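If you want the building blocks of each chain, they are given just below.
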Amino acid sequence: MTFLHYLRCFWGITTREGLRFVNQRERFLSALVRPLVWLLIFAAGFRSVLGISIIEPYETYILYEVYIAPGLIGMIQLFNGMQSSLSMVYDREMGSMRTLLVSPLPRWFLLLSKLFAGVAVSIVQVYTFLAIAWFWEIEPPAFGYFSLLPALVLSGLMLGSLGMFLSSAIKQLENFAGVMNFVIFPMFFASSALYPLWKMKESSEWLYELCWLNPFTHAIELIRFALYGQMNWTSFAYTAIATIIFLSLAVYGYDPSRGLITRKKISAD
Amino acid sequence: MSNNVINDKAPALSVSNLTHHFGKLCALEDATLQVFPGDFTVLLGLNGAGKTTLYSLITRLYNNRSGSIKIFDFDLHQQSSRALSKIGVVFQQPTLDLDLTVAQNLYYYASLHGLSKKLAGERMKEELSRMKILDQLKKKIRELSGGLRRRVEIARALLHKPEMLLLDEPTVGLDVSSRQAILEHVRNLCHKDRLAVLWATHLIDEIDEGEKVVILHEGEVLASGFVEEINKKVNTSNIRDAFNLIIKSGKKI
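Protein sequences, first through last, are from chains F and B.
The first sequence: position 81 = 81 (our numbering), numbered continuously.
The second sequence: position 231 = 231 (our numbering), numbered continuously.
Keep in mind the hints are simulated off the structure, nothing from the lab.
Take these hints with a grain of salt, some might be off.
[To be verified] A few chain F residues that face chain B, going by a derived Cβ cut-off under 8 Å, partial list only:
1) 12
2) 16
3) 19
4) 23
5) 98
6) 99
7) 103
[What the hints assert, rightly or not] To list a few chain B residues with every Cβ distance to chain F over 10 Å, as calculated:
8) 33
9) 75
10) 82
11) 138
12) 177
13) 205
14) 208
15) 235
16) 237
Since we're looking at a predicted model, the values are computed, not measured.
Note that the Cβ used here is the ideal one computed from N, Cα and C, for glycine as well.
All chains should be built: construct the whole structure from the sequences, respecting the hints.
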């Protein structure tokens, strides 16, 4: 297998993910509507309740909508990561995972390609969301749209690999409601997506600690700073380390000799 | 199928003393079987016999902990990439993307094997023509009948010119004419292209006289050989009676 084979394979996996996304208009629409409902309705309602003082990276008082925009970008990537990775374990999709894994290219490469393809899709969703959000006064500096991109790649990889690891490890999470209740909601609410962590600290010290440990918090902070052309090194380091850990676990999970997948009996014999 | 000279006496697939457990459940026990180039070998077993487990191990969805699997001269553990490049697989579950067209599905599969777009385009036309479904190229899978979908999956499995084809109950749920057409095509591939075929099924009427059969029951290979040999050993006149007798006794012959 030469470099060209790898390149063709990567391109093939990315194209397929893109085509599937374009063909599933419902998925695209719900990926957009979900954060927009939060932005347009939830944030409007809470605007007066939750005043936000001046915090980094913002230079002035901001509207609540502006504060939660990075959290909603994180939400798009969280849903996308869970959907594209966990869909592999659903019965309908198990077949396509087997098609992927029977390729002669190394498994780590196949999984990584699939992850990158998922991240690419999530990035399209995020920029579409930002384009609409601009009309609701979410107006980051022009440079922010560019500096956001590497942050989105890293946070997308982290969330995608978490989903991929879960898909190999947890048999019980075979419907999306389970994933919503046990992964998405806890990660989303115990983070800085909807409220700054100092607000959480006022309510409960241990909840604050929990939110700080949540890797999703750091993905959001990385996005928040990047959107304003700044770098949050702590969040970057935390997100990068979490990505490496989740990715290693995902590759381990799908390793044919040691992985957790060996414990799962494939249905239908 | 390949330009390489194939030694007909060397097995395309050689499974030796293969055992596999899922927790306490023993899915395969000391299974040994061989498939040769040009042979249409039927893996016959009831539902739950261990056929899909065997296919999962041969396609390296997971590794075997004991025993060995060789594809031509390549050990599946040590030379997995070269071994996997020799096989084409049709899984029991449908594995095509329903919202994509036939061509898009085939291009995707070809890319997984590192084929260029040009070569993939040529090969898919060739394979779809052989199955007489070239006119379906631009249709979405969702619009195709179950029989046509299966044919697309078989064409897809042949895109990278494998030397062995593994099919896991490919005719389940299809009507009689689709079943016949698929069986005929795969038998032709065997005879004309010297392709080694392992065809898993629980349908006894899919076996022809003069073909090789491996009887798998509760994870054990109870019998293997030509239909006539098996009939002779258990003193029956047809493979249906032989199969019933063998699985009833549960003993190796």
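Least C-beta distance between residue 82 of chain B and chain F, which was stated to exceed 10 Å:
7 Å, violated
Would you assess whether residue 177 of chain B, listed as outside the interface, keeps its beta-carbon beyond 10 Å of every beta-carbon in chain F?
Its Cβ never comes within 10 Å of chain F, the nearest being 24 Å, so this holds.
Report holds or violated for the interface hint on residue 103 of chain F, using the least CB-CB distance to chain B and a cut-off of 8 Å.
4 Å, holds
Holds or violated: is the Cβ of residue 235 of chain B farther than 10 Å from all Cβ atoms of chain F?
30 Å, holds
Let's test the interface hint: is any C-beta of chain B closer than 8 Å to that of residue 99 of chain F?
5 Å, holds
Test the statement that residue 205 of chain B is away from the interface with chain F: the closest C-beta pair must be farther apart than 10 Å.
20 Å, holds
Is the nearest CB of chain F more than 10 Å from the CB of residue 138 of chain B?
14 Å, holds
Please settle this one: residue 237 of chain B was flagged as non-interface, so is its CB more than 10 Å from every CB on chain F?
Holds, because the least Cβ-Cβ distance between residue 237 of chain B and chain F comes to about 30 Å, which exceeds 10 Å.
Next item in the hint list is residue 16 of chain F. Is there a CB on chain B closer than 8 Å to its CB?
4 Å, holds
Non-interface claim for residue 33 of chain B: all C-beta distances to chain F beyond 10 Å?
Non-interface label on residue 33 of chain B holds, nearest chain F Cβ at 17 Å vs cutoff 10 Å.
Residue 208 of chain B and chain F, when compared Cβ to Cβ, separated by more than 10 Å:
24 Å, holds
Once the shortest beta carbon distance from residue 19 of chain F to chain B is found, is it less than 8 Å?
Where the cut-off is 8 Å and the nearest Cβ of chain B is about 6 Å from residue 19 of chain F, the hint holds.
When the structure is compared with the earlier hints, a violation turns up for hint 10 alone.
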